[in-house]
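Since the structure of chain A is provided, determine the placement of chain B on it from the hints.
Residue numbers (the working numbering), protein chains in the order written: chain A, 1 to 174; chain B, 1001 to 1693.
Read the hints as simulated data drawn from the structure, not as lab findings. Since we're looking at a predicted model, the values are computed, not measured. No residue lacks a Cβ here, since even glycine has one placed at the ideal position from N, Cα and C.
20 Å max Cα-Cα, derived EDC-like pairs, lysine to aspartate or glutamate:
1. 1498/B / 1372/B
2. 1179/B / 1196/B
3. 1270/B / 1118/B
4. 145/A / 1061/B
5. 1558/B / 1505/B
6. 145/A / 1676/B
7. 1560/B / 1501/B
8. 98/A / 1460/B
9. 145/A / 1059/B
10. 1079/B / 67/A
11. 69/A / 1085/B
12. 1076/B / 1118/B
13. 145/A / 1667/B
14. 69/A / 1676/B
15. 1082/B / 67/A
16. 1082/B / 1135/B
17. 98/A / 1463/B
18. 69/A / 1086/B
19. 1125/B / 1137/B
20. 1027/B / 1111/B
Some residues of chain B that are not near chain A, with every Cβ distance over 10 Å (derived):
21. 1020
22. 1216
23. 1541
Have a look at the derived ranges for each label pair, beta carbon to beta carbon:
24. 66/A / 1090/B: 23 to 29 Å
25. 72/A / 1233/B: 50 to 56 Å
26. 1537/B / 72/A: 44 to 50 Å
27. 1663/B / 97/A: 43 to 49 Å
28. 113/A / 1553/B: 46 to 52 Å
Below are the chains, spelled out letter by letter.
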Amino acid sequence: MISTLNLLLSEAGEITTAADTTSKFFNWGGTAIALIGALLAVVLAGIGSGLAVKNVASAGLGLLSEDPKQFMPALVLSLLPSTQGIYGFVIAFMMLGKVTTGMAYADGFSLMLAGLPIGVVGLLSAICQGKVAAAGIQLAAKQPKHWSRAMILTLLVEMFALLSFIISIFMVNR
Amino acid sequence: MAVSGMRHISCVGLMRDKAKILDMLQKEGVVHFASPAEAMLPKTAETESEAETDIVIPEPETLLADNQAFIALNDKRAKLQKCIEELARYDTRKKHLFSFLRSVKAAEVAEVDSRADEILSEADKIIATDSAIKDAEAEIARLDSEILALGPWTALPYAPADCDTAHTATDFLAAGSRKEFEEFRTAFLNAVSPSDICVLNEEKNGGAVSFAVTYLKSDRLIAEKLYSSVRVTRFDLSGMSNTPEAQLSLLKAQKQQKQDEITALTENRKSAAQHLSDFEILYDSLGIRAQKMLADVNISDSSVTFNFDGWIPAKQEKKIAAALTDDFICHVEFRDPAEGELPPTKLENRVLGSSIEPVESLYSLLRYGELDPSAIAAFFYALFFGFMFSDAGYGIMLTVACAVILIKCKLKASMKKYMWLFLFSGLSTIFWGVLFGSWFGNVVQTVTLGKFALKPLWFDPQDSVNTEHFLAFTLLLGVIHLYTALAMKAANLIAKGKWLDAVCDVFFWYIFYTGEILFLLPYIPYYKDTAFCAKAHPYGVYLLLAGFILILFTKGRKSKNPFIKLFGGITCLYSLVDMLSDCLSYTRLMAMGLATSVIINVFNSIAASAAGLETAGITFRFIIFILIFVAANLFNFAINALGAYVNACRLTYIEFFGKFYEGDGKEYTPLCYNTEYISVEPGDSAENTGAVS
Chain A
1 MISTLNLLLS EAGEITTAAD TTSKFFNWGG TAIALIGALL AVVLAGIGSG
51 LAVKNVASAG LGLLSEDPKQ FMPALVLSLL PSTQGIYGFV IAFMMLGKVT
101 TGMAYADGFS LMLAGLPIGV VGLLSAICQG KVAAAGIQLA AKQPKHWSRA
151 MILTLLVEMF ALLSFIISIF MVNR
Chain B
1001 MAVSGMRHIS CVGLMRDKAK ILDMLQKEGV VHFASPAEAM LPKTAETESE
1051 AETDIVIPEP ETLLADNQAF IALNDKRAKL QKCIEELARY DTRKKHLFSF
1101 LRSVKAAEVA EVDSRADEIL SEADKIIATD SAIKDAEAEI ARLDSEILAL
1151 GPWTALPYAP ADCDTAHTAT DFLAAGSRKE FEEFRTAFLN AVSPSDICVL
1201 NEEKNGGAVS FAVTYLKSDR LIAEKLYSSV RVTRFDLSGM SNTPEAQLSL
1251 LKAQKQQKQD EITALTENRK SAAQHLSDFE ILYDSLGIRA QKMLADVNIS
1301 DSSVTFNFDG WIPAKQEKKI AAALTDDFIC HVEFRDPAEG ELPPTKLENR
1351 VLGSSIEPVE SLYSLLRYGE LDPSAIAAFF YALFFGFMFS DAGYGIMLTV
1401 ACAVILIKCK LKASMKKYMW LFLFSGLSTI FWGVLFGSWF GNVVQTVTLG
1451 KFALKPLWFD PQDSVNTEHF LAFTLLLGVI HLYTALAMKA ANLIAKGKWL
1501 DAVCDVFFWY IFYTGEILFL LPYIPYYKDT AFCAKAHPYG VYLLLAGFIL
1551 ILFTKGRKSK NPFIKLFGGI TCLYSLVDML SDCLSYTRLM AMGLATSVII
1601 NVFNSIAASA AGLETAGITF RFIIFILIFV AANLFNFAIN ALGAYVNACR
1651 LTYIEFFGKF YEGDGKEYTP LCYNTEYISV EPGDSAENTG AVS
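Chain A extracted, bound-state conformation (with noise of 0.2 Å):
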């Protein structure tokens, strides 16, 4: 009978205990949730660009290997799929600034929503255009004098990054 009573005002802490808990994410969660928002976009973004350019310098390398004198298709190319990087950089910053302490749950969620278009987008098309650049790389090897159309090539893929960039400001300053 004692033991029984026990178990149930053990359980009845517990359930105070969760509650509280409750409480306390739906207090500060909001703040939480946003900042993992932030951090999506740095980070997804982040990774594909380094990635990317991993791949491309590495290529720019074997082409400066076999001839000096290009190291401006090398540079150019490589620093292409960077911008996805900057581009999550600059939307984590300006989420940061929306970011306040006990906001509510609500708030914090669609704050953390606004990350994820250019992480998401900036993550895969980063590494895509990565891809591409690799083969203006090849390009540049071979046609030294028409590296700037892989240039342009290369940028066609970065306007996803950038639509998704858009919406996610938008969302930031909803």
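This is chain B only, laid out in the frame that chain A set:
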């Protein structure tokens, strides 16, 4: 803003004057020699482009591939170029960041030319020195590996060659580790007796052990069998008649000797750098001669006369005619381009227009007869570059840097044009920076702790209330750019007298697109709340419908298929999506513009908190602020200038040129002094020009 009008030139002259005439033409630098094969191309306007792809006119270089004199000339140039590259790092002359041409008097070129053999033998010496240095370096690498291999045996007090006696043999072995050595020792001492093992070197922590074993010669077979069954490596030192110690010092002495040799050779090369100027002059002088040989390919010779065809800018006609007929016995004829002929394109622009020519040529060379869009393209290029860079501080940096380079350095033509383009872009950057109130971001506000801030003349794009306004403005700029491109298309058609095409292919599209824009206006942020939108929106539908019907019935007018003739325009519906995506492409202006200013502000606040500005105010730690501020801004400047450059290029190429630019023109390559290191200043006497012949 113009493509220079071209005149066809035909000239017949006497062979005895040929060399002098070529010299004169090269000095004038305006005659573009046409290949005799070009004259044989069919001359109908319609088939012209197809005919060109069918008949390949060989490049002059290919025609000269077997010419011994040309090959010898190029060999000499290759040799000189190699020397110039080798000696570049010992060059003590004043260096510039950008490549530029050194002015050299024609007399000096002639003087260098007369010493050509001497200079070339000097070049041979430098190349020999270079290979001697490479040999010595390879020898040092070989000695290094020998020295390394000898290391474990230095404890041996005898010469390895003296170790064998009449009855005993000595082998030098190494085991991978102490454990393996112990295993070998036990096995060896058991199997081969009498014998002795002497450890000469042992690496730390149970590493490799080098040792010598001595045994009776009669046991050699057993010993050798054991070496292969147990894992030890045998070293053959039998040829060494010195003790390893002595051998080591011998090798080190050899290495030192080689190093001294390299030092001496390098010193020698440093002193050879004084010839660099001669090499450069001779390289270009030979190049000038090679260009003349290449032009000569297009000249037809008979025993007494020669004749050539070519193109010259109309403005130069009188001058060249006078130069040819006054001093020489020549017959010269000029005429306008015949129908179907494609003269080379020579762009003639003032500063603004010419500044974008290098960017344009990366896209495609303008076709002769097209209107030159350079000035308009350059204006928009600079406008967009500035919008994306959008910081007055950066704009001042860019403008000043370009101005200084333009004033201080004698640049190559294309580099000079780029500098002008960036100068204009810099001015535009200042303009937008002032409008948006960004002077190195908010540095003034940061340093004065918010007491003082430079207010934007127009609005602050970073303020969230202005986001929609900012986006809407970029779209407006895009529409203006796209409409200008369409206007260029109309102008090109009108210039060719195709009025009907201009109306059907441009004017109807204006109606169509304007209808689309007005129709979509209520969905575009910022504009949707304007009074204009409410008024104009209803007309959008009418314009859109009118445009659609007009295009539907006119787009297929050139087709012979009656169905396409009537309804060929149905595909124009897809152009609605095209127009939309073209407009959206201009949102990059907003993205890049925001990226620049947000990043500067982030760096400013990082620098401020690192220097403790907010808590302590301006203290001695302000120097930290300056250091971070300078480094971060240089980084941001570089990365965003590159971003603005490529994105402005893209808007120019795809959105602007894509609408009307035909391209695929022929490059205007007159016979001239085309040099890499020097610019030849014409001398005052006639014989100077003969010097480079």
